[in-house]
Each structure stands twice: as C-alpha cells, then as structure tokens.
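In terms of the working numbering, the sequence shown opens at residue 504 and continues consecutively.
If you're looking for bench data, these hints aren't it; they were derived computationally from the structure.
Mixed in with the good hints there might be a few duds.
Claimed, not checked - DSSO-like cross-link-like pairs, simulated, lysine-lysine; straight-line CA separation at most 30 angstroms: (1) K588 - K606; (2) K611 - K581; (3) K611 - K571; (4) K606 - K540; (5) K540 - K514; (6) K581 - K617; (7) K606 - K617; (8) K581 - K514; (9) K571 - K514; (10) K606 - K514; (11) K617 - K597; (12) K588 - K612; (13) K612 - K581; (14) K611 - K588; (15) K571 - K612.
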Amino acid sequence: ADQVVVVFAAKGPTFRNEIYAEYTANRPPMPDELREKFEPIHSAIRAMGLPLICISGVEADDVISYVKNNPMFAEWQKVIVSADKDFIQLLDDKTILHRPIQKEYLNKKDVVEKFGIHPNNFALALNLLFAATPPATTKIFSFNSFIFSNNSSVVEDSFISTFKESIPILLQALPFIFT
Numbered sequence: 504a505d506q507v508v509v510v511f512a513a514k515g516p517t518f519r520n521e522i523y524a525e526y527t528a529n530r531p532p533m534p535d536e537l538r539e540k541f542e543p544i545h546s547a548i549r550a551m552g553l554p555l556i557c558i559s560g561v562e563a564d565d566v567i568s569y570v571k572n573n574p575m576f577a578e579w580q581k582v583i584v585s586a587d588k589d590f591i592q593l594l595d596d597k598t599i600l601h602r603p604i605q606k607e608y609l610n611k612k613d614v615v616e617k618f619g620i621h622p623n624n625f626a627l628a629l630n631l632l633f634a635a636t637p638p639a640t641t642k643i644f645s646f647n648s649f650i651f652s653n654n655s656s657v658v659e660d661s662f663i664s665t666f667k668e669s670i671p672i673l674l675q676a677l678p679f680i681f682t
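With the hints as extra help, turn the sequences into a complete structure.
What follows is the structure in structure tokens.
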C-alpha cells in the first residue's frame, strides 16, 4: 500500500541556530502571505487523514532524512517532493526526488549524469563550494552531510551528540505515524 507523509518545518529556531546563531541570517524572512497559508494547509492535510510531522527544534530536512534512512523503510520505494537541492544527497536505488519548481525528477543515475558525482558525494561537493564561508557555517554544512549520508568523518563529535539529542523526539513520533 502507498503511504504519504507530509513534513513541515516547525516554527522557531532549530538546534543549528544554537550551534551557530547566524545559521539563517542570510535567509529572507518568510512573507506574511505565505505564513498565513500554513495553518489552512495543515488543516487540509489532517482532514485528508495524512500524517503531518512538525517537530520543534528540528528542521524538516532532518525529519525527512531520518525517515528515509530508517531501517523500518529500507525496502520501500520513496519519493521526496521538494525544490531543495540538499535532498539530492539522499537519492539511492529506492529513493527519487521530485523537484516541482524545477519540473524535474531525479534519481541516482540522473545525478551522476547531470553533476558528474554520486549522490552520496553531493553534500561534500557543496561543502567544497562553500569553503570560503565562515568556519561555523562550513561545520553546519558538514553536519548536514552526516545527517543525510551518514558520513561522520566530516563531523565533530559535538555536532553528532547535539543531533542525537533530537533523535528521541523523532523516535516518539514515528510509531504514531506509521501504524
């Protein structure tokens, strides 16, 4: 049977903001017109009986990555729907990315053809592109690499332990979502 899960970012800062206060400093604020649409969208999702995940202190990216990489879903065919290029690093034989704004579907083979690198190396490639950014920002990108591809060789222990503190929240949510 097909299963749909909808993940949104929760309001407020995440653990990354605690690690590096300027983490979202260069992001423009969300327009009020968009912010006003979230609650009606959330209500519609709930009315359709779809699981909706919003976890305070954790980015939606982290939740999606955690669910995608969870052994509980290892054999599932997965489609991530997002315009965010960061999800490219999650692609494998069982996971594709639909980027609706870009009007494209990407699988592992497409990434190799389009970018010349394996999806597992996509975060590292982005990290190298951002090498001129402040060190704390680079560490955050490296931390994303750990979360998305389990490549802990680029991450300091303090970052790993910070994320691990958030895992119990995810573990509490999953049994209710997939029962």
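Taking the hints in turn, this is what the structure says about them:
Simply put, K588 and K606 have alpha-carbon atoms about 13 angstroms apart, close enough for the 30 angstroms limit, and the pair holds. Only pairs whose Cα atoms come within 30 angstroms are accepted, and K611 paired with K581 is accepted, the gap being roughly 13 angstroms. A C-alpha spacing of about 15 angstroms is found between K611 and K571, which places the hinted pair at or below 30 angstroms, so the restraint holds. As the CA atoms of K606 and K540 are separated by approximately 23 angstroms, the hinted pair is consistent with the 30 angstroms bound.
Between K540 and K514, the direct Cα distance comes to roughly 14 angstroms. Compliance with the 30 angstroms bound is thereby established for this hinted pair. For the given pair, K581 sits about 21 angstroms from K617 by alpha-carbon distance, which is consistent with the 30 angstroms threshold. The straight-line distance between the Cα atoms of K606 and K617 is roughly 15 angstroms, inside the 30 angstroms bound, and the hint therefore holds. Proximity of K581 to K514 is assessed by CA-CA distance (about 26 angstroms); at most 30 angstroms being required, the pair is judged to hold.
With a CA separation close to 23 angstroms, the supplied pair K571 and K514 stays within the 30 angstroms bound. Our distance criterion of 30 angstroms between C-alpha atoms is met by K606 and K514, whose separation comes to about 28 angstroms. The suggested pairing of K617 with K597 holds, with an alpha-carbon distance near 19 angstroms, which does not exceed 30 angstroms. For the suggested pair K588 and K612, the alpha carbons sit about 16 angstroms apart, so the restraint of at most 30 angstroms is met.
Of the supplied pair hints, the one linking K612 and K581 holds, its CA atoms being roughly 16 angstroms apart against a limit of 30 angstroms. Restraint check for K611 and K588: the C-alpha separation of about 13 angstroms stays at or below 30 angstroms, so the hint holds. Annotation: proposed proximity of K571 to K612 holds, straight-line Cα distance about 18 angstroms (limit 30 angstroms).
Every hint from the earlier list agrees with this structure, and none is contradicted.
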